[in-house]
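Trainee: Residues per chain are reported as follows:
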Amino acid sequence: MIVEIGHFAAILALLMAAGLAGAGFLAAANPAWRGLTQALALGQLAFVALSFAVLVAAFVGNDFSVAYVAQNSNSALPWHYRVSATWGAHEGSFLLWTLIAAGWTAAVSVAGRQLPSEVHGRALGVLGALNAAFLLFLLSASNPFERLLPAPPADGADLNPLLQDFGLIVHPPLLYTGYVGLAVAFAFAAAALLAGRLDAAWARWTRPWTNAAWAFLTCGIALGSWWAYYELGWGGWWFWDPVENASFMPWLAATALIHSLAVTEKRGAFKAWTAFLALTAFSLALLGAFIVRSGVLTSVHAFATDPERGVFLLIILALAVGGAFALYALRAPSIGSRATYDGVSRELLLLANNAILTLALAVVLLGTLYPLAYEAATGGDKISVGPPYFNRVFVPLMLLLAACLAIAPISRWKRTPLKLFQKAGWMLLAAAAIGLAAPLVFAGALKAGAAAAAALGTWVAVVLAADCWRRRGALTRSYLGMAMAHLGFAVSLVGIGATSQFSSALDARLAVGEAVELNGVTYRFASLSQVDGPNYTAERGTFTTDAGVTLHAEKRYYAASGQVMTEAGIAAGFLRDLYVTLGERLPDGSWAVRLNDKPLVRWVWLGALLMAGGGILAVMDPRYRRVRVRRRSADAAAMPHPAQSSG
Amino acid sequence: MAPTAAASAAAHRMIGRLLPLAGFAALVALLYLGFTLRDPTLLPSALIAQPFPRFDLPILGGSGQRATEADLQGAPRLVNVWATWCPTCLAEHAELTRIGAETGLSIIGINYKDDAAEAIAWLARHGDPYQFNVVDADGDLGVELGVYGAPETFLVDAAGIIRHKRVGEVNPAVWENEIAPAWRNLAATP
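Protein chains in written order, with numbering that gives the first Met the number 0: chain U, 0 to 646; chain G, 0 to 189.
These aren't lab readings, by the way, just hints derived from the structure by calculation.
Just to be clear, a hint being listed does not mean it is correct.
Among the chain U residues that face chain G by a calculated CB cut under 10 Å, a handful are [what the hints assert, rightly or not]:
{"#": "1", "residue": "279"}
{"#": "2", "residue": "399"}
{"#": "3", "residue": "403"}
{"#": "4", "residue": "468"}
{"#": "5", "residue": "553"}
{"#": "6", "residue": "558"}
{"#": "7", "residue": "587"}
Quick reminder that beta carbons are idealized off the backbone N, C-alpha and C, glycines included.
Isolated chain U (complex conformation):
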């Protein structure tokens, strides 16, 4: 009975979302409707949340009469994985998606009350229409509440062992919060195009929402990469896999959008381009959802694919994105920006940022879709585009981006006197020396990519530190957020350079008691034992190093699904990770063992966390709230436009 309540709540939420789509546009014409939009936005959230809670309860209570529960859970599954199994496959993860979409919509409805109703109402209308489409898809093509009656199975088929993991408990919620958060920027851009006011005020409302969504997306991607690193057992942390690319493309667009919004808000330039990016970022998130769920591209991460759903998602994609781009074609401002700048100005550097990120995005999009186009063109031949393509094009672009990023904080709007860059030039020399020396000292070898990454990363950090010192006492949260995010980029860059060029791996045949050396560390296969987990049995190899580090690598057999998983033994460190995986047992009783030495691999994710933290810090800048306070007290008709130098 309780499951039917969840089902019914989802239907009510659909009706409310559809109502919100109508009420939003009515409120844009007549502010009297605004009260109704808020009630519908909050009501929709409440009913989706109820629906979601019911599904979680069905998992926790092992209700295998629900088909989705029976397919993705098992009574032996620990309770926390039963909770996360809720979003472990297609239907439930889409319910989570709609819950998060409803959450963002409610947030926009409440936090945007001071915005002019012709924009706020339309934005809510767009969000309501999107939510209605998502809920309609959920109820008609991927309903998680369907029952297996009258003969429910005695036990469930179990959750995919790959997903029985902490990383997968938190990864989808973070990623979806980022994806769907971009819908807010999308809705604001569509509303502004409809209202015909693509101005600095619009850019200002959009900025904190975009930063927040981007921060979540950054965390989600980093977490996915970390999960792949320790769970897939290959020691890799990024595979240029279609599903990874699907999350990376919206991130690149959102990163470009954050920077373009700064120019539109501060200088009134790039307006049409900024609107285009805002529409594109969420469109790419939808495209990502389509790629992951339709199974149109094969991937190591795709757990929930179904071609029939693909058509429905493609229709949503076509209507939402096609509609948005048609609107853009009709309404993008016909006059370009009147703002002028020359020489090496901040505008020019941000233009370079956008050009590089857009090019990078095009590279990833092309590489992701090329196999599909090839197959369509050749009538079924398959081809895969691998890391060599992506790395060859992507790495130089990111190094170029780092160089622009390094001098951006000290640049000025309109025109920057060249003497300002003099100090940065000296810093570059010092950073280059460090970049060349560090790999020599720590790894005893020099490699161009790692050295370039280390030099540019150091340069970014040094220039930022000097600029923070110059501005001491007058540091705003916006500026600190920018500095933290840029520092995060530098940290990731250095980590990626070091780990991709100085990692070493060794496949060894080891019996218990034997030892092998890799990169100056001796690994001893100390013991092998049988371990019983809650829903699996495992063979656990214990390895010790001469430095006293102990690593446990496991090979797990999950009885309910019959799958075998390797669980890597990882000794994580700030400077290097030691990483051991058990391969297969060989006929003579020894084991195939893979050893990995991964220098600075933690920096990749540490940098991403700093970037996300920077984004959140910038959202908390009081200047985004100042406008509303002023409007409330003075009821000012025009948006104030403070000229702050921080972007």
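Using the hints, position chain G against chain U.
Mentor: Structure of chain G alone, referenced to chain U:
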């Protein structure tokens, strides 16, 4: 500026603004083609529609007899890569036995990187659904077949062409949804 020049500039802007829409329409067309053209449940495998790789290996427990890829031809067969060190192979053994007994599809085993004496004892203990097994002690045939790990199962047609590849356990669901339809397809298209 002459009116014609202004009009042409406006037309250029319009084209620029229509570009995203046009690009997106092309993308949707591609995606639509993408999943109507193919069966997305198949992993791209270089081996599908290719002849089974050449091999010449001893038969398990066969006192010196050998088998080659020619021995696979003549009828559709399921070729199963297994070993005694592989717990999942034991897990799928009951289903392979059922398939062998109930459907009449002949099953050939590749005993992969294993000890021959242990393998014979293992089959004696758990039952033997295989028509015969070849001994791939060094895993050379496994390399040719692109085996990630045991078990893996290939559906090979009567002409010795690989038609389907399954990585991991064959359970009733996999049989029903994946392998049996592929086998029926073989029967339908001689």
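Trainee: Compare the structure with each hint and give your call.
Mentor: Checked hints:
1. Against a cut-off of 10 Å between C-beta atoms, the interface hint on residue 279 of chain U holds, since the closest Cβ of chain G lies about 7 Å away.
2. At about 25 Å, the closest approach between the beta carbon of residue 399 of chain U and any beta carbon in chain G exceeds 10 Å, and the interface hint on this residue is violated.
3. The interface hint given for residue 403 of chain U is broken, as the beta carbon of that residue sits about 25 Å from the closest beta carbon of chain G, more than 10 Å.
4. For residue 468 of chain U, the suggested interface contact is broken, since its CB lies about 43 Å from the closest CB of chain G, more than 10 Å.
5. Restraint check, residue 553 of chain U versus chain G: the minimum CB separation of about 13 Å is more than 10 Å; hint violated.
6. With its C-beta approaching chain G no nearer than about 8 Å, residue 558 of chain U sits inside the 10 Å limit, and its interface hint holds.
7. Among the interface hints, the one on residue 587 of chain U holds; its C-beta lies about 8 Å from the nearest C-beta in chain G, closer than the 10 Å criterion.
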